[in-house]
Structure formats: structure tokens, C-alpha cells
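> If you read the sequences in order, they're chains A and B. Under this note's numbering, the residues of the first sequence are numbered 547 to 1052, in order. Under this note's numbering, the residues of the second sequence are numbered 532 to 626, in order.
No wet-lab data here; the hints were simulated from the structure. The model shown is predicted, which means the values in this text are computed figures rather than measured ones. Watch out, some of these pointers could steer you wrong.
[To be verified] Computed Cβ-Cβ distance ranges for the label pairs, DEER-style:
1) B:A618 with A:Q987: 25 to 35 Å
2) A:D581 with B:A558: 17 to 27 Å
3) A:I869 with B:V612: 38 to 48 Å
4) A:E1006 with B:V612: 36 to 46 Å
5) A:A682 with B:A615: 47 to 57 Å
6) A:A682 with B:D565: 32 to 42 Å
[Said to hold, decoys possible] So, partial list: chain B residues that the calculated Cβ filter (under 8 Å) puts toward chain A:
7) V541
8) W544
9) D578
10) T606
11) G607
12) I608
13) W613
14) A616
Even for Gly, the Cβ is constructed at its ideal location relative to N, Cα and C.
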Amino acid sequence: MALHVSELPEHPPAGGCSAGRCGTDPARLAALPEDMRRRVENHPCYSEDAHRHFARMHAAVAPACNIQCNYCNRKYDCANESRPGVVSEVLTPEQAVRKTLAVAAAIPQLSVLGIAGPGDPLANPERTFATFRLLAEKAPDIKLCVSTNGLTLPEHVDELARHNIEHVTITINCIDPEIGAEIYPWIFWRNRRVRGRAAAAILIEQQQKGLEKLVERGILVKINSVMIPGVNDEHLKAVSRTVKAKGAFLHNVMPLISDAAHGTLYGVMGQRAPTADELARLQDACAGDMQMMRHCRQCRADAVGLLGEDRGDEFTMEKIAAIEVDHAAALARRTAFRAQVAAEREAPRSIVETVATAVQPLVFHRPAKAAAGRAVLIAVASKGGGMVNEHFGHAREFLIYEVSAGGARLVERRAVDIYCRGSEQCDEETNALSRTIRVLQGCEAVLCAKIGIEPWGRLEAAGIVPNGEHGMEKIEDAVMAVWRGLLTTGQLGRATDGRLERRISA
Amino acid sequence: MALKIVDACVNCWACEPLCPNGAIHAARPHFLIDAGMCTECAGDHADPQCAEICPVEGAILDANNEPTNPPGSLTGIPPAVWAAALAATAVGSSR
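Looking at chain B on its own, in the form it has when it is part of the complex:
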């Protein structure tokens, strides 16, 4: 069981110092979690710390490849509204 950082990551460093296992490291194009070291914070914290602080929806996936922070869960922007905004403007890559 391990979490995974994917390309929505904006390299903000927030998660890196919180990992109790030192499993997160800076990399390009985005930060990475060493799956062999990740415990999902079991035994250390009630919730996985990287997923708790990550500001970007969809940037961290759980062991089932589901986003720990699904669309709309952090910004409060309803996914349908976001999709409409994407279509109407060049926001594109901002999330």
C-alpha cells in the first residue's frame, strides 16, 4: 500500500517535510513517492500527511489509483462549473 504523486503536482514542497518515512523527494517533472518506503502514514498519523496538505486536486492517488482529493474537494469549485470555465477560457493547465 502506497500513495502516488502524478503530473497534476505543482512541486510546491508542502508534502515533502511532512512524510514520516522520508519517502517523498523532489524530482522533475514532479515530486515522487518511493512506493517501497510509503506506509500511508499508518502508525504515525490518522491520515496520510501528503494527501492532507496537498493543495492540488488529483495530484495524489491512493493504492486503487483513485485521487485522494477528487475534483471540487479542495477548491470548492463544482466540477461542472470548472469544466465550463475550462471550455470558455485558457485556464487549461492550472489544475
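Pulled out of the complex, with its shape left as it was, chain A reads as follows:
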């Protein structure tokens, strides 16, 4: 499966960006060494900034797996769900390359092909590496990456390096075999099924060895960790410290997805998922030691498009068969798109540098203590591109910004319906609206491109200010304008949300 986890430190973060809690935001990106910045700036899964501009796709060429996770069900064929490990059709390497080239021609934002399942890419090494080899011949500008459980990673590091893989994600949920035994019922190792603590011990050793070898090679490693309340939540802080010490680049703590209808052990046995607040607290706790990823969308193993959108339906093998691709023209479009993004980035970066020379490097992120107006959480409905451009009723997730006099910062995203909940709950608009309003709890305003009369009234009744006046504006500009509006109308006198108070006083 494509799920992968780990976590970080124990100290509460200092305020603002001083301790790296902002992960790979633009200012942080600018501060990276040149070679590293070059490697992450166009990868949507490694850079908060890149995910606004660039698209990725996953090629489902790797059906086999060599371990079992308690959050996974190996029946992966569901077209209606969006979660790791789920795909609609498994592809051969040749089909995967044809699909990638068709997508790269239709979506010039495409910068990355990842292989993330539906099993484990390195449990299917022939299929995985054949895909990379064939694609590198035809579209050498597309970055290649893999997401693995790590069991056979050490023996494949040399080959990954030979294929110029610059990004590898390892799912690390634990470094303690006792905890691992509660997450992994078995692994397949040296021609035998190994169970329990012994299995977890082998897996952990292989993951750590793989991490070390990748770092030695200079390959960027992202650690994914699945937060499982009562199983590994506290432990993930130790995991984070360990992987950070070994040189992992980024840590992505993701919430467990658990639903009995998925037929997973956790789902059927009633293991609960973390709340949005529990997840944010753990991410905060881990952020002191290491860059945290907060924009993960937990995509399907065959997702296509910008993070948060899935255009896979447009590129089934059947539809691709009918597409004629001019590869040279497609490459030219991608190259032009990247040049345009680079030019757009130059402008804000030079502003950051100017401010830095004025000895106020944190001004964009950390409000001065005397600044008027408290920080508030504002939700945004966006289809991507860094714009307020989604209809309230169509939004499947909201980006949550913490906004204050010092600026706006993406702190989390909240899914409305990340996966199918079963037919009995579909088409019940009233319930869907109630769920959405619950998801927006703690936010004081929500920005969207358009909104209907009914949700408008329900939001107001819930104390959340709906706002459709900033459609097609840049998110940062729009949320700042709304914040200033709240300030002007005297609504920013005191904090009302416990979590926000904690954030502000930290």
C-alpha cells in the first residue's frame, strides 16, 4: 500500500516560522540550499508552494504487496473512493507510460510521476523500474518518485539512484516492534510469512536501513506516518526525532482512515480515526525538530492532477487510446509553463529578500506582539492554483488559514467527504451541509467562489461568516482582505477558540 508514516519532537513550537513549523512554505523554500530547492520546488508533494502550481500522477503498476497493514484491505478496486491503495485499473509499464505521456500533453502542470501502489512499488521491482526506464526515454523532464513500505528498500537503493530517482517516500509508523505488532499482522520475508513482533522488527530494521542508504546517496526522503489513536500517536514523536536525526527531509503525519465499510481490521474492529484537532496537535508537537507537511491529500494510487483534485476519469486506457499526442509540442508547453511559474516566483522572492535586508525576516509570518487584532481561522474553498475558485457546495475540502496582522498561513486542510461513506448517506444534502458546517468548526469565515442561500443562512446561524466576494482572487490576498474587514468592524477583540489561543500564545 501507499500509506507511509512517521513523526517528530516533543517541544511545543515557537511562534511563527522560527522553528521550521511552516514546512516547505515559500520563505522556507527560499532558504534551502540551491540544489535542494531546485529538487523540491516543482514537486507538489514536497513543497507547499509547488502544490499550488504543479500536478502529479500516480501510475498503478505495482499491485503486489509484501506486508499487511491493519488499515489496508487488499481488495482495491473501487472507483468512488479517494485514499491510498485504491485504484480502478492496474496498468502494465507500457500502458502506464502511454497514460503518463497523454496526461503530460493535456496537463502542462504535470511535473511528477509517482508509483505508490496499489501494493508496494518495490515488491514489484520489474514493473516499477520498467515504467521508469520507458518514461525517462520519452519524457525526461518528468520527475520520478516512489512511495514504499521499506521492506525491500535497502536492496533497491542502488537501482533507484541509477534511475535518477530524487524523491522517495517511506511509510514509517513505528520504530518499536511492540507497537509495530499492533499495526502489521504479517510480512513476507525470505520466502516465509513472518508474523507479530518478529515481523515488525524486520520491517523496522529494513526501513531504517533504507532511510540511511537513501540519505547517503543524497536522495530526498519524505516519511509518511499514519496517526492511529491509542496505538502510535504518542510514539510518532519519537519516530519523528529518529528519522530527522537520520536525515529525512520532510515528515508527513496523516490521519488514519477507518471505516467498517472498507473491510480493514481497524475499520471493522472500530479503531477510530484522529480528530482534526488531535492531528494538528501532533503535527505541531512534531514540528519543532523537522519540516512537517501539512498539505497532503492522501491520494489514490492512480490519482491524476493537482493535489486535491483527481482527473483520473479523463485518462482511462480506453480514452487514452483515442488521444493523439504531439510529444514535442507537449514538452514545449510544459517547459513554457515552468518558465512562467519561475518568473512568478521571482517577484515575491525578491520582496522577501528586500525585507530580510531590513532586518525583519519574520515579518510575513509572525505578528509583532503589539499588532492590533487577534489571529483567526478562515476557511477557503479552492480547486487549486492558489485561488478562491470553488463553489461552497462543491468543495470536498477546505483550506484553513490562520490569519493575523502578520499575514496568512495555511495550517491545515479539512476534508468534507474524503471517501465514499456508502449509499445510504449519499444525496442527503441537509446532512451533507451539517457535516460541512461541523468540519468548519473554529473558523470565523469561509471564502468561496459562490454559495447558495440555504448554506449562507446555516453558516451565519453557526457563527461562520460566509463570503463569496473574493472569487477568483489569490487566497492570501482574499483572506487578508477579509481579516481586515473583521478588524474594521470590531470583530477581532478577543480569541474565541482554545486551539487558536494556544497557537497564538506559543
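For chain A, the structure is supplied; the task is to place chain B on it using the hints.
Structure of chain B alone, referenced to chain A:
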């Protein structure tokens, strides 16, 4: 003596490259074992490789038509709990 793949198979390919006899091949609706070629890995491995890696309970039967991985043996979900979950939700075909 030969093992057999039945319709619980999810076509995940895990077993195919492990077979020392090349007895497993992709087919629809599910993978198949050529009974004439299967040795249950005798002489090659301590345990039949397809049965060792198969992630799906009940997908591979032994020569007595007994599942090599009976219900509950791989997922850890007690069969009674699984039956209750089946009755309560639409999990249906997932195993």
C-alpha cells in the same frame, strides 16, 4: 498434489513471480495454477510460496480443498466479527 486459486483472488500478482515452477499465470476472472506443474514447492521451499504471500484469506486451496489461509488468519479479524460487519455494512465482496 497441487494448490488451486479460487474466486476470492484479487489478481494482485504477488504469487506469480514466486512460483518455482512457473505454474501460476494471470487469467480472468482470476489467476490460475496449472495443476500439472504445481509441486506445492516441494524441494524448493519449506512452504508453498503462493500461499505464503497471498494476502487474501480463502483465495488458495490445498489438495483437500481446504483454504491455506483460513478466515481470520491473515487480517486478524475474528470470523464472527467479520460476519457481523458483513451483515451491518455493504463490505460484501471485499474478502
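> Work down the list of hints and note, for each, if the structure agrees.
Hint check results:
1. Here the CB-CB span from A618 of chain B to Q987 of chain A is close to 34 Å, well matched to the stated 25 to 35 Å.
2. Between D581 of chain A and A558 of chain B the beta carbon distance is about 48 Å. The supplied range of 17 to 27 Å is therefore violated.
3. One distance hint, 38 to 48 Å for the beta-carbon pair I869 of chain A and V612 of chain B, holds here, with the actual separation near 47 Å.
4. Checked against the given bound of 36 to 46 Å, the beta carbons of E1006 of chain A and V612 of chain B, roughly 44 Å apart, stay inside it.
5. Separation of A682 of chain A from A615 of chain B is about 50 Å and conforms to the stated range, judged on CB atoms against 47 to 57 Å.
6. Checked against the hint of 32 to 42 Å, the pair A682 of chain A and D565 of chain B passes, with Cβ atoms roughly 36 Å apart.
7. The interface hint given for V541 of chain B holds, since its Cβ lies 5 Å from the closest Cβ of chain A, which is under the 8 Å cut-off.
8. Interface restraint check for W544 of chain B: the shortest CB-CB distance to chain A comes to about 5 Å, inside 8 Å, so the restraint holds.
9. Of the supplied interface hints, the one on D578 of chain B holds, with its beta-carbon coming within about 6 Å of a beta-carbon of chain A, less than 8 Å.
10. Proximity of T606 of chain B to chain A holds as hinted, the smallest CB-CB distance being about 5 Å (cut-off 8 Å).
11. Contact between G607 of chain B and chain A, as hinted, is supported at the beta carbon level, the nearest pair being about 5 Å apart and thus within 8 Å.
12. Taken as an interface hint, I608 of chain B checks out: its beta carbon lies about 5 Å from the nearest beta carbon of chain A, inside 8 Å.
13. With its C-beta approaching chain A no nearer than about 6 Å, W613 of chain B sits inside the 8 Å limit, and its interface hint holds.
14. The interface hint given for A616 of chain B holds, since its Cβ lies 4 Å from the closest Cβ of chain A, which is under the 8 Å cut-off.
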